[in-house]
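Peer 1: These are the residues of each chain, in order.
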Amino acid sequence: MIENPKIGLFEIFTRDDIYRIHTATLEVLERTGVRVEEESALKLLASIGSDVDLSRRIAKIPQNVVEEAIRNSARTIHFAGRSREDDIRLEGKRVNFGPGEGATSILDCQSGIIRPSTKDDTVKAVKLADALDTIDFVMPLFTAQDVPKPVMPLHDLDAALRNTEKPVMVVDFGLEANYLIDMAAVVAGGRERLKERPLLGMYSEPVSPLTHGKSHVRNLMTFANADLPIVYIPSPACCSTAPATLAGAIVQSNAETLSGNVIAQFTRKGAKFIYGSDTSLMDQRTGVFSYGCPEWMIFNLAMAQLGRHYGLPTWSTGGCSDSKILDGQATFEAGLSLFIAAASGANLIHDVGSYLNFGLTGSLELLTICDEMLSMIAYILRGVEVTDETLAVDIIDKVGPGGHFITQKHTLEFLKKEHWLPGLFDRQMRNNWVKSGSRDLLKRAGEKTEQILSAHQPVPLPADVNKELDKTLRRSEKEILGHQPKT
Amino acid sequence: MREALHAFDQERLVEATERALEQGYSPQDLLEGLTEGLREVGDRFEKGELFLAELVAAGEAAKKVIAEYLKPMLEGGGEGEPLGHIVIGTVAGDIHDIGKGIVGMMLFTAGFEVKDLGVDVPAEMFVQAVREEKPDVIAMSALLTTTLPMQRETIEALEKSGLRNTVKVIVGGSPVTSEWADEIGADGYAEDAVGAVKLVKEILGIRE
Numbered sequence: 002m003i004e005n006p007k008i009g010l011f012e013i014f015t016r017d018d019i020y021r022i023h024t025a026t027l028e029v030l031e032r033t034g035v036r037v038e039e040e041s042a043l044k045l046l047a048s049i050g051s052d053v054d055l056s057r058r059i060a061k062i063p064q065n066v067v068e069e070a071i072r073n074s075a076r077t078i079h080f081a082g083r084s085r086e087d088d089i090r091l092e093g094k095r096v097n098f099g100p101g102e103g104a105t106s107i108l109d110c111q112s113g114i115i116r117p118s119t120k121d122d123t124v125k126a127v128k129l130a131d132a133l134d135t136i137d138f139v140m141p142l143f144t145a146q147d148v149p150k151p152v153m154p155l156h157d158l159d160a161a162l163r164n165t166e167k168p169v170m171v172v173d174f175g176l177e178a179n180y181l182i183d184m185a186a187v188v189a190g191g192r193e194r195l196k197e198r199p200l201l202g203m204y205s206e207p208v209s210p211l212t213h214g215k216s217h218v219r220n221l222m223t224f225a226n227a228d229l230p231i232v233y234i235p236s237p238a239c240c241s242t243a244p245a246t247l248a249g250a251i252v253q254s255n256a257e258t259l260s261g262n263v264i265a266q267f268t269r270k271g272a273k274f275i276y277g278s279d280t281s282l283m284d285q286r287t288g289v290f291s292y293g294c295p296e297w298m299i300f301n302l303a304m305a306q307l308g309r310h311y312g313l314p315t316w317s318t319g320g321c322s323d324s325k326i327l328d329g330q331a332t333f334e335a336g337l338s339l340f341i342a343a344a345s346g347a348n349l350i351h352d353v354g355s356y357l358n359f360g361l362t363g364s365l366e367l368l369t370i371c372d373e374m375l376s377m378i379a380y381i382l383r384g385v386e387v388t389d390e391t392l393a394v395d396i397i398d399k400v401g402p403g404g405h406f407i408t409q410k411h412t413l414e415f416l417k418k419e420h421w422l423p424g425l426f427d428r429q430m431r432n433n434w435v436k437s438g439s440r441d442l443l444k445r446a447g448e449k450t451e452q453i454l455s456a457h458q459p460v461p462l463p464a465d466v467n468k469e470l471d472k473t474l475r476r477s478e479k480e481i482l483g484h485q486p487k488t
Numbered sequence: 551m552r553e554a555l556h557a558f559d560q561e562r563l564v565e566a567t568e569r570a571l572e573q574g575y576s577p578q579d580l581l582e583g584l585t586e587g588l589r590e591v592g593d594r595f596e597k598g599e600l601f602l603a604e605l606v607a608a609g610e611a612a613k614k615v616i617a618e619y620l621k622p623m624l625e626g627g628g629e630g631e632p633l634g635h636i637v638i639g640t641v642a643g644d645i646h647d648i649g650k651g652i653v654g655m656m657l658f659t660a661g662f663e664v665k666d667l668g669v670d671v672p673a674e675m676f677v678q679a680v681r682e683e684k685p686d687v688i689a690m691s692a693l694l695t696t697t698l699p700m701q702r703e704t705i706e707a708l709e710k711s712g713l714r715n716t717v718k719v720i721v722g723g724s725p726v727t728s729e730w731a732d733e734i735g736a737d738g739y740a741e742d743a744v745g746a747v748k749l750v751k752e753i754l755g756i757r758e
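In order, the protein sequence lines correspond to chains H and W. Residue 2 is where the first sequence starts when you use this note's numbering, and the numbers rise one by one after that. Residue 551 is where the second sequence starts when you use this note's numbering, and the numbers rise one by one after that.
In case anyone wonders, no lab produced these hints; they're calculated from the structure. Every residue, glycine too, gets a C-beta built ideally from N, C-alpha and C. Careful, some of the hints might be misleading.
[Said to hold, decoys possible] Derived Cβ-Cβ restraints for the label pairs, each shown as a range: (1) Glu709/W x Lys487/H: 17 to 27 Å; (2) Gly735/W x Thr15/H: 56 to 66 Å; (3) Arg594/W x Ala456/H: 52 to 62 Å; (4) Glu741/W x His457/H: 35 to 45 Å; (5) Lys665/W x Asp54/H: 45 to 55 Å; (6) Gly329/H x Arg594/W: 29 to 39 Å; (7) Arg32/H x Glu586/W: 41 to 51 Å; (8) Gln485/H x Gly735/W: 16 to 26 Å; (9) Gln485/H x Glu586/W: 39 to 49 Å; (10) Lys665/W x Pro244/H: 25 to 35 Å; (11) Gly668/W x Arg90/H: 43 to 53 Å; (12) Gln578/W x Asp328/H: 47 to 57 Å.
[What the hints assert, rightly or not] With a Cα cut of at most 30 Å, we get these calculated DSSO-like pairs of lysine-lysine: (13) Lys120/H x Lys196/H; (14) Lys399/H x Lys410/H; (15) Lys487/H x Lys710/W; (16) Lys718/W x Lys748/W; (17) Lys325/H x Lys665/W; (18) Lys597/W x Lys718/W; (19) Lys94/H x Lys196/H; (20) Lys621/W x Lys665/W; (21) Lys418/H x Lys399/H; (22) Lys748/W x Lys325/H; (23) Lys449/H x Lys472/H; (24) Lys710/W x Lys479/H; (25) Lys710/W x Lys215/H; (26) Lys614/W x Lys597/W; (27) Lys120/H x Lys270/H; (28) Lys479/H x Lys468/H; (29) Lys44/H x Lys215/H; (30) Lys325/H x Lys751/W; (31) Lys751/W x Lys710/W; (32) Lys665/W x Lys613/W; (33) Lys665/W x Lys215/H.
[What the hints assert, rightly or not] With the C-beta cut set under 8 Å, the calculated list includes, among others, these residues of chain W facing chain H: (34) Phe601; (35) Ala603; (36) Met623; (37) Gly643; (38) His646; (39) Thr695; (40) Thr696.
With the hints as extra help, turn the sequences into a complete structure.
Peer 2: Spelled out as structure tokens, the structure:
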């Protein structure tokens, strides 16, 4: 976590820009409106003064409603870990990091082979995320491709709940959200206890442009009612599902997430809504949704600044790449996007080390490398501490012209406090590097990952909770599939 | 017309078509010219000379001219058969439109007739379309992992209705893999829109 960085945030808008984006957003919501596929949400929007056309399922939302929803939103969100030490707060400039969820394949960097990801891969990813110091919340990184698809989100969550004490966030993938809450409630000790210790958050998405899908809106409302953290952000792509212009795409993204907030806040006042977007572009040569382009990074800066302007906890994305393998492009795009997201001051930054190949492929080694980069980024954003002691005028005087500082007590006292030490990046002299096997970053990241996975044992769930979680998972599977799958 | 098509300008293409018809060109000739022009646009996109938005704009313009001008005049003519008939749609529970739209446009650009059923298309609607339209291929899109099973259900519905052997089935969408396509008994899968055109030609035995 980076807490209240000393360095100024990386902001791109003037006050005037923000005013114009905000008023343009209000105009879109009032003039064009949003399509809402869920009837109960449409009726809710009508009851608070929106102009609703039930047959076209369009709701035009007036300005005062949008602004009232912003005022009613939770300003600070407590996102709980299984243990209190792992709790995080989403507010102000506190920046927290976590992996994403959604990769359907895993890249084995040592062999170069890409294969469908399994639940076992998800378990490993969660264990690794549990062990890494820079990771504050956990998403399951992979999706289990070896379980029946309709119940896959339950298995991703199952792997997460059992293998980390950090706060857990999962994607709903359109599955009825109560199934997810049931499982988290088992770990928390009941639904009421889960409200006090919200150890599960949900990520869901409107569909751009300006459409709220049925299952996603229902889940948004379910999580609002359960008083659990909800990330509800669009992923529009310039030139296809959003205008080509950056400002236009930002206005649309803002309208999409803020109209979600209206539904959340009027479902339950003070709903724990997390604002943001994952806006990028459709590459004009290949049609892909890019997770490494500079436009995507600018959008991340834009949305963090807008969210902070509204006083809403914010969501962002970093640590991904469009590269198919873990190469120079991958580490550059991942590193730069992480720095941008961190310097934006967004409160939850996801997809760390999770997305290669446009979100389809994950790599444990990339997560390990991102951990190193994050620790470096956190160090940079901490800035310089300026006190009498650190200004060191007495020591400079004592050593004087032509002396050296190596043996000074001051040096020994501060070197560990003041400086960053690499854990994975190499600073050996060439001869020693050759002697130790001439290992490149990829090789070292692979070894470190293996080491962590063999040494780290996450704190297990109590035996009775484990059993109860088994039961809940099986019961839900049976309900969803209509039969019990073989294990 | 060629110029208007390559400028991706719908209004100019309509004007040029009207002018050409006045000058006495037969709709059949114009259709052939337009098809040839579209193929050039598709080739230029594949080479990286054109952007996706330009490809789609050219396709939309040509589609309008064919549907509103040339087709009505050609009714009953029967000449210039398309390469094949495709029915395309996004499966039930999924309202993602754009990828399916691009694949449909690429197929159209390549010379296929494409019927787009839209998004959130239930299995029965695909079955009905196969019964009524008798397409050569149906193409199903799904973006959500949880809606992927609808591709399987649609294939099963086709089997139940006894129509599975009358039509080829292809699947696509970000979480779709060739393993998934095999598992559910689809006839093919392609990674992107250009691949989809190649795939359709391959399974219909059409030489490039």
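Peer 1: Looking only at beta-carbon atoms, does the pair glycine 329/H, arginine 594/W fall within the given range of 29 to 39 Å?
Peer 2: 31 Å, holds
Peer 1: Lysine 597/W and lysine 718/W: Cα distance at most 30 Å?
Peer 2: With Cα atoms ~28 Å apart, lysine 597/W and lysine 718/W stay inside 30 Å; holds.
Peer 1: Given the hint that lysine 479/H pairs with lysine 468/H, test it: the Cα-Cα distance must not exceed 30 Å.
Peer 2: 17 Å, holds
Peer 1: Are glycine 668/W and arginine 90/H spaced within 43 to 53 Å by their CB atoms?
Peer 2: 44 Å, holds
Peer 1: Take the C-beta atom of glutamine 578/W and the C-beta atom of aspartate 328/H, compute their distance, and say whether it sits inside 47 to 57 Å.
Peer 2: 53 Å, holds
Peer 1: Holds or violated: are the alpha carbons of lysine 718/W and lysine 748/W at most 30 Å from each other?
Peer 2: Holds, at about 14 Å.
Peer 1: CA of lysine 665/W to CA of lysine 215/H, is that 30 Å or under?
Peer 2: It holds: about 26 Å lies between the C-alpha atoms, which stays within 30 Å.
Peer 1: Would the stated hint for phenylalanine 601/W survive a check requiring a Cβ distance to chain H of less than 8 Å?
Peer 2: Given a least distance of 4 Å, the restraint on phenylalanine 601/W holds.
Peer 1: Below or equal to 30 Å on CA atoms is what counts here, so check lysine 325/H against lysine 665/W.
Peer 2: 34 Å, violated
Peer 1: Starting from lysine 665/W, check that the Cα of lysine 613/W is at most 30 Å away, please.
Peer 2: OK: lysine 665/W and lysine 613/W at ~12 Å, within 30 Å.
Peer 1: Does lysine 597/W lie within 30 Å of lysine 614/W when you go C-alpha to C-alpha?
Peer 2: 26 Å, holds
Peer 1: Are lysine 665/W and aspartate 54/H spaced within 45 to 55 Å by their CB atoms?
Peer 2: Roughly 28 Å apart at Cβ, these two residues miss the hinted range, so it is violated.
Violated hints for the displayed structure, listed by number in ascending order: 5, 9, 17, 23, 27, 36.
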